[in-house]
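As you go down the protein sequences, you meet chains A and B in turn.
Quick note, in this note's numbering, the first sequence goes up one by one and the last residue is 308.
Quick note, in this note's numbering, the second sequence goes up one by one and the last residue is 699.
For the record, the hints were derived by calculation from the structure and aren't laboratory data.
Ideal Cβ positions, reconstructed from N, Cα and C, are used throughout, including at glycine.
One or more hints might be untrue.
Unchecked claim - A short list of chain A residues far from chain B (calculated; beta carbon distances all over 10 Å):
#, residue
1, Arg74
2, Trp83
3, Leu98
As the list claims (entries may be wrong) - According to the in silico footprint, chain A covers these stretches of chain B (three or more CB under 8 Å from chain A):
#, segment
4, 545 to 552
5, 650 to 660
Here are the chains, one letter per residue:
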Amino acid sequence: MARDNYDEVYTRPVRRLVLAVVVLCLIALVFVWRIDNPRVERMRAAIIDRVVPNMEWAMAPVTGLARMADEFQSYARLFEQNQELRRELQQMRAWREAALQLEQENARLLDLNQVQLDPELTFVTGIVQADAGSPFRRSVLINVGARDGILDGWATMDGLGVVGRVAGVGERTARVLLLTDANSRIPVTLQPSGQQALLMGDNSQTPLLEFIEDAEDISAGDRIVTSGDGGLFPPGLLVGQVVMTTDRRMRARLAADMARLNFVRVMRSHPRTSLEGAGELIGPPWPPPDGFVQPPGVIPVQRPERPDLAQAETVEEDSP
Amino acid sequence: MNALTSPRHVWTYRVVFLGLCVAVIVYKLLPLGLHDTGLPGPDLLLAITLAWLLRQPAVVPVASILVVFLLADFLFQRPPGLWTLLVIVVSESLRRRRLTMTEFPFLVEWSAFAGAVFAMLILNRIVLWILMVDLDPLGLTLAHGIVTVAIYPLVVMVSKYLFGLRKIGPAEAEAL
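Chain B with its partners taken away, still in its complex shape (with noise of 0.2 Å):
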């Protein structure tokens, strides 16, 4: 057991994860962006929360996912539950397969979460379109998704050196 999987510094960055997501929807919420119709925000919740989660998965429990983004459905006017689905979901599926991504470089785990974004949008989508609810401009949702997926090193960048989060190798991973 070393310093990156000791308890103490697992909870502490359990409770930064929080508070990040927290800022973030504020800053989201913040009535702001009224009047800027071009090009959609980043999905930075999801950046976020699937950066740490490859870097530290002890990080970002399942619970936190439910809460952040349950929260987030539930604020942002999203048919509540079917985005946290997906997120859950994915991020399950991630963290199951991180270890074999953590030995290649930087340009695999980016494109693994272009992929995840995609097939997110995409799935929540043909949900919408199966319970035949109003879906957005497909235009948009592409845009978003290409912003999402165009912030994130951007996001491990912050997270690496503001944050410290270091990627935890498959050594240090046994000991946990």
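Looking at chain A on its own, in the form it has when it is part of the complex (with noise of 0.2 Å):
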């Protein structure tokens, strides 16, 4: 056929050109996003801002129905649930009177204390829209972005305990980076020792705790709440409790319900503020005023020049 022949004498080297410039383009694409990262991560979070809920008509039911399937599947033991469940109740009945004694005692000792809780520690809850789509990412997508004022770095917390943190922020969604992602590293405290640990992600369902020091006081089941070290979490914020693997490194059992993460709430932290600069030694005035008789045998040592003092000082004379 002729007509053919002719016709790819002509499209097969356009067709190779065009796969050489699409082939360049993504490597270019690889290399920018490497190069410059923010710039391409931002990108990204525009386009699944774009697409993600538009798709949330569609993902909705069937998240619903998945869901509802999933919950069918626990009516096979419904016997035996029942029996845990009166079980539990039995024990939360005690649990629920000690509650309520702790409770009053607390509400005395708070009027006594007068202390008042942090009021800056406020949320905005949203709901899961996605996860990550790949296995070797721990995250989850939520409806609420920079439109409801979502900040990079803030915690989030289902009912009971820390989930992850917000890492990437779009106009209507934003990503929050999982406790169990191999990238999150979160500075807790262990409770009743008092220590430090790193709480690593490792793609599984108990983080590692490394970085101990003293792993001897540290015993199963104890609690572990956030530091607030480097001053990217509030500290006292609930994970979870402590458990010893096997090869006697320990993980943290988390608190938060992982496998049924559905709304969770973007703590609102705000920046603390920082001490800067070392102390300052606290002396009589200098000059000495007029009047000031020195003692005997003391001779006035010339303080160094200060320009922040100076500065201060200045400032001051002309405010009134």
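Combine both chains into one complex, guided by the hints.
Encoded structure:
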């Protein structure tokens, strides 16, 4: 067929050229991503922002159905569960009694101390929309974003414990990097012993606890809370419990129910005031006021010049 | 020009392919598998693309591959462009030598697919290593590849019996 051959003579080099251009563009994209990572990640956040909320109409019913199927499987163990629940209920009654007493006591003590809880720790609640879609990334996408005032780095909790932190904010969505992700590093405190540790995600359900000073002081079941070191998280948020693995390493069983993340709370945290500069010696005013009599045998030493102090003084003089 | 190579047929299947890929992406994004950390799921997108490409190459043009995989790269938190690049290169090389494969039994095709998957995973790892990006655990990557290879016959079966995607032989391809 003459015409086909004629076509082919022209289309094949064009096709090859287009292919080469596409390949070069992709290589360039990878390099740009590696060199100017924040810009490309912002682009990614924008793309996700555009695409994922549009899928919601499809995702919501499917997610709902799948969750129902998941729940339905548990009907098979209905009797066992019933027994278990009864037993737990019995235990919980005792706990409830203890909790009520503690609550009253706590209220009395707080009243005595006139303690005020940190009013800055408010939260925004978001719904989990999507997960990372990859077996190597542990993160979820929630439906609140820059529009709702979410900032990068804020802590995220479910009802009970820390889930992760915000890493990447779009206009309408934000990505929460879970504690189980291999890139997650959180400074924590182990409660009765007060030791500092680092909670490192390793893509498993139970993140590792590393950099513990005195591992002998710690026993399984110790509480893990955020330490607030580095100003990353507000201190004192519950993370989970220490578990000891068979190879004598310490891991954390998370308090948050990672398998059934549905609603998450993004904790608004504000940067704390930091101490700047070293402490100064507190001494008598300099130069000595008029009429100040030097003690015998004391020779006054000239203080070194301090520009910051001089500046502060001039400002004070200007203000009245 | 027969029924399998008519523009109407080709365009229908192109649309079906894109729809299928979007469905797979949406399924992967559903917040369901948050807790299973055992075996990583198969790369269904890759299996579908290569299976369809080996059956009827006209149905899977480069543009479709580019759009689908670039979108997946962005949505799945992968380095954007790298996996797309590998898929395009591999698909082009398979496209060129598919005619020699059509005469052989399915096992040859399957082993070619397995070779392609592992070559891509290894190349991907090497490039990421050169670029000094944090690498995923090697065991998980290999398991991912094995699962993807294992799912391939199933994908081919579904394509053949559910979507009616038949292999175009050399005789029919000549007419294209």
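- prompt: Quick check: which numbered hints come out false for this structure?
  reply: none
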